[in-house]
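Visitor: With the hints as your guide, set chain U onto chain V.
Number of protein chains: 2
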Amino acid sequence: MSDKNKNEHIENAPDYKALKVNSGISKPPSINPRIADRLKMKKRKKHTVDDFVKGILDGNMAILSQAITLVESAKFEHQKIAQEIIERCLPHSGKSTRIGITGVPGAGKSTFIEAFGKHVTSMGHKLAVLAIDPSSERTKGSILGDKTRMEELAVDPHAYIRPSPSAGSLGGVARKTRESLILCEAAGFDTILIETVGVGQSETAVHSMVDFFLLIQIAGAGDELQGIKRGIMEMADAIAINKCDGSNVTKAQLARVQFENALHLFPLSPSQWSPKVLTCSSIEKKGVDDIWNTIMDYCKHTFENGYFDNRRSEQAKYWMYETINEQLRDNFYHDNVIKNMIPDFETKVLNDEMSSFIAAYKLLNTYYDQVKNKE
Amino acid sequence: MSDKNKNEHIENAPDYKALKVNSGISKPPSINPRIADRLKMKKRKKHTVDDFVKGILDGNMAILSQAITLVESAKFEHQKIAQEIIERCLPHSGKSTRIGITGVPGAGKSTFIEAFGKHVTSMGHKLAVLAIDPSSERTKGSILGDKTRMEELAVDPHAYIRPSPSAGSLGGVARKTRESLILCEAAGFDTILIETVGVGQSETAVHSMVDFFLLIQIAGAGDELQGIKRGIMEMADAIAINKCDGSNVTKAQLARVQFENALHLFPLSPSQWSPKVLTCSSIEKKGVDDIWNTIMDYCKHTFENGYFDNRRSEQAKYWMYETINEQLRDNFYHDNVIKNMIPDFETKVLNDEMSSFIAAYKLLNTYYDQVKNKE
Chain V
1 MSDKNKNEHI ENAPDYKALK VNSGISKPPS INPRIADRLK MKKRKKHTVD DFVKGILDGN
61 MAILSQAITL VESAKFEHQK IAQEIIERCL PHSGKSTRIG ITGVPGAGKS TFIEAFGKHV
121 TSMGHKLAVL AIDPSSERTK GSILGDKTRM EELAVDPHAY IRPSPSAGSL GGVARKTRES
181 LILCEAAGFD TILIETVGVG QSETAVHSMV DFFLLIQIAG AGDELQGIKR GIMEMADAIA
241 INKCDGSNVT KAQLARVQFE NALHLFPLSP SQWSPKVLTC SSIEKKGVDD IWNTIMDYCK
301 HTFENGYFDN RRSEQAKYWM YETINEQLRD NFYHDNVIKN MIPDFETKVL NDEMSSFIAA
361 YKLLNTYYDQ VKNKE
Chain U
1 MSDKNKNEHI ENAPDYKALK VNSGISKPPS INPRIADRLK MKKRKKHTVD DFVKGILDGN
61 MAILSQAITL VESAKFEHQK IAQEIIERCL PHSGKSTRIG ITGVPGAGKS TFIEAFGKHV
121 TSMGHKLAVL AIDPSSERTK GSILGDKTRM EELAVDPHAY IRPSPSAGSL GGVARKTRES
181 LILCEAAGFD TILIETVGVG QSETAVHSMV DFFLLIQIAG AGDELQGIKR GIMEMADAIA
241 INKCDGSNVT KAQLARVQFE NALHLFPLSP SQWSPKVLTC SSIEKKGVDD IWNTIMDYCK
301 HTFENGYFDN RRSEQAKYWM YETINEQLRD NFYHDNVIKN MIPDFETKVL NDEMSSFIAA
361 YKLLNTYYDQ VKNKE
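Taken in order, these protein sequences are the chains called V and U. Numbering follows this note's numbering, in which position 308 of the first sequence is assigned residue number 308; successive positions increment by one, without gaps. Numbering follows this note's numbering, in which position 31 of the second sequence is assigned residue number 31; successive positions increment by one, without gaps.
So that you can see chain V by itself, here it is in the shape it has in the complex (with noise of 0.2 Å):
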């Protein structure tokens, strides 16, 4: 219904007289027309290929960031630049070091990439924060979004902090991630952190794209699992006690023992490594350096088996096989008349009118005609 129609319903409805709406003017632009012109043209001069990689490898923090914008766009043509840019800046990727941070809202994961960052810049390291977390478009809530809590690291020359791609599924941020992870470390960052909320999937992701994982946690009642989704502890290389400071010394020491028994129910990874429970407390900047050793002894240690170089030859081919498999998913789901077709043939499955199988197959039979007509 257009507005002049709203505006008659009113003024013939005999009862509403007070509700009488006088039809307005349109309001100017609140942008001088010109101005914003010659602003369009301004943003019209992009870089090339070329500029990118020289930048990156500089390690110009701002043609960086402008590449990972081009990674996490959506548009065809900021993907295909960005494709180009991934592939030229491959060879000079690889050597960083790549961990994952998980942990449950509250248990201060802000307050420990501030303290962990400045320990790893403070020895002359160089480091990038990048983060995976696909709920931040719905809350609007990613932590590194909240650069507040990291006032320390956010100005520190020798950091680098990108929040969370915030629109996608999590097969694209995942990936999307991974992306600007390569960019990053052609840039010359030779320490990655990845952190993610310990309440998904989304630890799978980031697990297959680190060398070492770390679960921070706090001491609470006993009842220190309930926080953290099923599994996600196993996966854990090391598991950090923060907050142990003031009156939570005792509590905390005594949740590294609980935590140092559950873990021994676990089968050793393959990796041949048996996980770590340690305590630090982010605020007094204690047990950080701790954290640190305990991922330097594991790259040792995974180096020296071969773990270490496995398991990234492992992750670069899990990466083919998933973009494959997400792609494969997303053309059909995304398939208009697939779209159209599914909440109907979901009901039927959900009432037993139809076996899942045969709705399956009806859908994929739609499905591969439609590709087949397409130009």
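Because the hints were derived from the structure by calculation, they are not lab data. Warning: the hint list may mix true and false statements.
[To be verified] Under 8 Å between C-beta atoms, here's a sample of chain U residues computed to sit facing chain V:
| hint | residue |
| --- | --- |
| 1 | 324 |
| 2 | 330 |
| 3 | 332 |
| 4 | 349 |
Heads up, the beta-carbon is just placed ideally off N, CA and C, and yes, glycines get one too.
Guide: This is chain U only, laid out in the frame that chain V set:
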């Protein structure tokens, strides 16, 4: 190379005179050709879909078996009939208790199923035992294939034992088992056991088609969890410590306490059911009734809180999507052009000569071109 050429090759080789092979005469057929023809003619008398559906609903085990053979067949025409049969049986299915059973080899699953099955049929229930064991093709070692371990149950007129479909991917094998389950229910079986080996991904498949998941364990020397894959214990609605007999009783009871403690570390599942740990002896047929009662308690509990029906619906939906996703992958990876391209692309990705994503997209583009050009 034909046999004739092979012989020529040997005859022409001057150094291998001792190997000279006289060309033999063709072997007579091992079966009288006329009888073979008659047998073939007999085979050609096929049941119609109506025959199958009527036979199944009448509880005719021979017809049920033939229908399951069609379900398991890879032939297109068999699949077509099978799908029609399933569709017609679907309204008569769903009225059974579906129980998944897993445990590492050596835990005594076969003897347990024998004892448990006899208990179930002695109460007047009709029991079907199916299996998912994707390894059976390789090892020819499907436990259910070895019916000699279930002597009593194999001849019980109220029990039907069907070994695991032996060909295909896990997804394919699982799909076939779920379809067979529907036919068994339509044939009047009110208790379905689906058995699998606790060493891989097949547990997830079984878990997604049963109401109750039982893990069979045995007492060991404190490392009870070592044999079982990560994540499987978290799926269990009950753990049965088997072989609690003779000199093993104390150890089994200790193991029971250890498992109970370990289970407390996991968060409660959405069913709001806290997993039970029980001991039993399949040989002495002790504790088997407790396990049956526990399953009944579980069903009552989840009927009342609505979880039972919700989960069945979720499973039907899951299998629709799972079938679609699996078929999309299957079509892609079985495409001949793609099959030939993948090894080279994989090598390039492993050697960092190509990014995982570019490799994926190049393969995908080739694939969709293939699909469009196919008849």
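Visitor: Now tell me if each hint is right for this structure.
Guide: Consistency of the hints with the structure:
no. : hint : verdict
1   : 324  : holds (5 Å)
2   : 330  : violated (10 Å)
3   : 332  : holds (6 Å)
4   : 349  : holds (5 Å)
Comparing the model with each earlier hint shows a violation of hint 2 alone; every other hint is respected.
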